[in-house]
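Here are the chains, one letter per residue:
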Amino acid sequence: MTQQSYRHVINEGLWNNNPALVQILGLCPLLAVSNTVINSLGLGLATTLTLVASNATVSLIRRWVRPDIRIPVFVLIIASVVTVIELAMNAWFHELYLILGIFIPLIVTNCTIIARAESFASKNALMPSIIDGLFMGIGFMAVLVVLGAMRELIGFGTLLSHADLMFGEIGKSLTLQPWEQYRGYLLAILPPGAFMGLGFIIAIKNVIDNRRARKLQKVVTAQPELA
Amino acid sequence: MALVRHMTISAVLLGLFAVIGTAMVAIIYGATEERIAANERAFLLKSLHILITPGQHDNDLFNDVITVQDKELLGTTKPVRVYRARRDKQPVAAIINAVAPDGYSGSIELLVAIRYDATLAGVRVVKHKETPGLGDAIDASKSDWVLSFNDRSLANPDKKGWAVKRDGGIFDQFTGATISPRAVVNAVHRSLLYFNEHRDELFDKPSMPIEGHA
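From first to last, the protein sequence lines stand for chains Y and R.
With this note's numbering applied, the first sequence corresponds to residues 1 to 227, in that order.
With this note's numbering applied, the second sequence corresponds to residues 1 to 214, in that order.
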């Protein structure tokens, strides 16, 4: 694969075909867990890890899996990978696991993962599949973290609270509290806040895309005159 | 016949993947089992030690545990764990893992620590789904409210006092949230009643480590 096509794969994951903003997949974990930055980061990392591992496995076995059994095989692989990640998290990040615990098994239901297995990994070599999984995951995590930051800032008036669950004792000093005496805004933390926040982020992305397209159009229409 | 052959190969392949997937999970489970058990133990001990400090007892809290059942007083039909703290074999306190079934969003799980003399050593909410910013002030990480139970007993306050202020009792409710604190106050009161009725039984029953625990 050429460097240019790698760049294409990366662009697709991060922006043009972002799983959360364009494919709108994996809404259940996205909306349920994005109430603080640390929760978002935890679930985002777990999802990225799952995507990389499942894409890599699916790509490796793509020649042996017959089309008629591919979906159950993908489901099996994803379920095993998620269970392994859940166990590992319980062992090494126990307190974070207690918070995210019920959402980790939900990664299995994140359609992004089976969508990438089906539409990319099962048709491409190992390396591009890993890159695709990695950047689709990072794209998903980025949206989660931005949404988490918005909701935490508006809802609790803090950023990165409970960072110690992930980074150990140093994490405690990472918590920011921009305003003293902020009483919080409940709506942002409740599920409607998640829907509104995601709506705003999608709208902002569309505005940026539209601007870009208009600029491009101007260049294209300007060209004949130059010629 | 070609169809049967095709189907057989598919089935064998699918079975093979199932075996590989299960083997992978089994290996990781084996590798993490001990660590996870240690984590759970440490986490539980940490929450128990907030209520009964390590200096107050000299037994193994984690393994000195019984389960009891009382739908009326302990808030659930399921077995409820009671951890016993002892010093020099003398009972010090019992920590009851009681449930307040009537929270605003489902049950609230509590640890109610009661000293042998029937006064409260402390109460902590260990699991709840109350509204963030309103009802969740029952959580010690959000407010000091739950500390108002310290040193209370069935006689202090009297029966009428064991309620939130809106119901004529002495415990504060929160602005915009009465149901959550009311549920906790009532559950703590019921735990005290249970302790009062069963005190000696609670401490004399031989320990019975619970399955899937330790």
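Some clues are possibly wrong.
To give an idea of the interface, some chain Y residues facing chain R are shown, with a C-beta separation under 8 Å as derived from the structure [claimed, not checked]: (1) Arg66; (2) Ile71; (3) Val73; (4) Ile77; (5) Asn90; (6) Pro105; (7) Leu106; (8) Val108; (9) Gln181; (10) Tyr182; (11) Gly184; (12) Leu186.
Hints listed in this document are in silico derivations from the structure and should not be mistaken for laboratory results.
Idealized CB from N, CA, C, for every residue including glycine.
- Query: So which of those numbered hints doesn't the model satisfy?
  - Reply: Checked against the structure, the hints that fail are numbers 2, 6, 7, 8, 9, 10, while the rest are satisfied.
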